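J.: If you want the building blocks of each chain, they are given just below.
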Amino acid sequence: MASRKAIVGLAAVAAATLLLTSCTASGSGDSGDSGEVAGDITFLTNRTDLQTDGTWDEYIAEFQKEYPDVDVKVEAITNYEDDVKTRLSTPNGYGDVLLIPNSVKPSQYPDFFEALGDADDLADTYRFLAPKTVDGVQYGIALGGNANGVLYNTEVFADAGVAEVPITEDDFLAALEAVKATGAVPLYTNYKDGWPLGGQWTNIVGAVTGDPDAQTAMAHDEEPWTEGTDIYALDSLLFDAVHEGLTEEDPLTTNWEQSKGDFATGEIGSMVLGSWAISQFQAAAEDAGVSKDVVGFMPFPTNVGGQQYATIAGDYFLGVNRNSGNKAAAKAWIDWLIEESGFTDAQGMISAVKSAPLPENLGTLEERGVELVELSAAPAGEESLFSDTADLSQVDVWGNIYRQKLIDIARGEADGDKESYFAQLNEQWGSAVSELAG
Amino acid sequence: MSVSTTGPDPVGLSGPLHGVAVLDERGRPRGPGGPGAPGGPGRSQRRAARRGRREGPAGRRVLSRLTPYLFVSAAVGLLLLLTYLPAANMLWYSITDWNGLGPVENVVGLDNYVEVFTNPRILSVFGVSLYYFVGAFLQMALALYFATLLSFSTRFSNFFRGVIFFPYLINGVAIGFVFLYLFQPGGTLDTVLGWFGMTDPPQWLGDADIANYSLAGTSVWRYTGLNFVLFLGAIQSIPNDLYEAAELDGASRWQQFTNIIFPGIRRIIGLSFILAVSGSLSVFEIPFIMTGGANGTATFVIQTLQTAFSYRQVGLASAMAVVLLAIVLVVTWIQRKLFPDEKVDLT
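Protein chains in written order, with my numbering: chain A, 27 to 464; chain B, 3 to 349.
DEER-style ranges, computed between Cβ atoms:
(1) A:GLY438 with B:GLY188: 14 to 24 angstroms
(2) B:ASN242 with A:ASP441: 53 to 63 angstroms
(3) B:PHE158 with A:GLN77: 44 to 54 angstroms
(4) A:ASP109 with B:VAL74: 32 to 42 angstroms
Listed next, the stretches of chain A that the computed footprint assigns to chain B, with coverage defined by at least 3 CB atoms under 8 angstroms from CB atoms of chain B:
(5) 122-135
(6) 212-226
(7) 272-284
(8) 416-423
(9) 434-442
Quick caveat, the hints were computed from the structure, so don't treat them as lab data.
As the structure is a computational prediction, the values presented were derived from the model and not from experiment.
In this text, a Cβ means the ideal position worked out from N, Cα and C, and glycines have one as well.
Go ahead and model the full structure; you've got the sequences and the hints to work with.
T.: If you want it as structure tokens, here you go:
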């Protein structure tokens, strides 16, 4: 009889699994919620290092002084993006407060996340709202933000005789040429690891023309790889640098972790990265016994009539699971993290709170009069258009595949030249634009 | 293994052979006990069930009749749940434009399949499989050579068998990393070549003309051991007296190979051939770890993965997976038609 029970049980499990898999993500929210700032909440984060060194525990202790009835459990996940993407299919499987995975499209936010308020109301207090606004409703607030540009080794550039920070592409290439003469790798692409070729470059879209609507414009442009656009300036500079031999010799064997040390010791001149990387590279410099002042940050080397721009954007955004049973406590934790924890100061990031000052490591941008550009929200109904176009055209502007191909062509390992490849990109992108944006 | 010095042993390695040659001459599954054996327990259970009907009350009779099905249901349930349900799901996704998250929105019919066959960028990656296909032949030739050599009485043959099989036991990810260091500029390979006076080696992975050879070479290194063990097992299952008779007749080693060994293991060679074809169409881990598919080394499976997770077109990627499955089935069918599995008769 026991075996029969077991089998009935097994069948029930099988049936339940079938049911679960067939209704994933469509499950309705609004489970019983008391509305009080009390109870247990789970917080999912990608910062395993802050879990190990006890920073989260310190924050929780501070938080509980204000809200003694709330207990926060932190779950730090190494492979955050992929793991959480999978866990989103279980209604209660993705904690109460989490960093919204980048793979969730804006149009899907209402399926997974609780509305945090009216975007217009929040706009008085917070920056970086645009990417997580859908139909005027806000689904996430940035835990911190970054400026995008180029990290360079100040000593290497000085040794190469580059006194002024280059503000045009030609000056930049000339500077790289001078760095090459000193024996360092002028511009390191991180081709093998791949991700530094994706968002780190595409995030700069908007800085070249100083246009906060540049992404939206690109989503409507059937030929964006044409001189005068942001994406053309970016990819063209990358192509020229590789073509002139100003990047690493064998891109297939680059190594991100190793590159931090090589940068510190002056074997690498520059990399295109967001300001989030500054603290990591400074730590690497200190490990190598070098002053952390070797890590310099400059905006992408372009200007509009002498005025330079740098885009700033939110890093991961905090969101609340719409199926959470303790939404009030979850919101309290988000507010506290953003406004009172001092997280952004400690990390050298730009605070989401408008009134907070810029972090120390970006001070040079202000001194040089660089204007910070925050991309404006896409028009209603077009929140996903830019990434949808990238997906459909298979030109992965947020990924590394098309830029790796660009590098292969530039170094003569794949057929084609700059014109033919940009024409191909235009054709792929254009047909997706005409299908989606009409 | 006590077969090392006494020459071919008909029993020694026949175990793995049964595990591999799962089909008998008529293509039916063959269990370890031969075609007749699996029916045994079933019959005795049926007998037991009949006895139960005579003796027990009605409920027990039904239960004892159900017993065999209940035993089977656990295995079948898991198989359905973990293999056929996901496969059916994939078929379903392949006719939608699902992006991998949230509910399926649009059913697009056969559009994805049309895209797979009309987009030259998707099909052109099959060219990369040719490197691995050619590599697979090299791998079979090497494996056959060593299997034949080591099936005769050879000094240290157990040691060499271990050496040749060893790479197959290493985790594929580890192999990827080991060879990544081997192929680095100034890495192990360049250093060794430097000892022999080759001062200007190419970029083994960075040069697009060479990268695929490097990767296919890694794949050959890894899988030769598997083919080798299959061949060796088959060779050792050939009755010993055939060799003795051949030696009495004054046959040379080469004549023994062409007249006894090769026809004796034809079926295993055929099987290895199918594995080689389907393997070279679906190469994945070695290029994925070593180059991530960059520099013209993307295989069809890597491209499927990129389509699903980089371009978030799970529908299209599912269609690509279905097409790959179909291609492997067709190639296998053609191979079976061209080289039918005749009964081998060495006498």
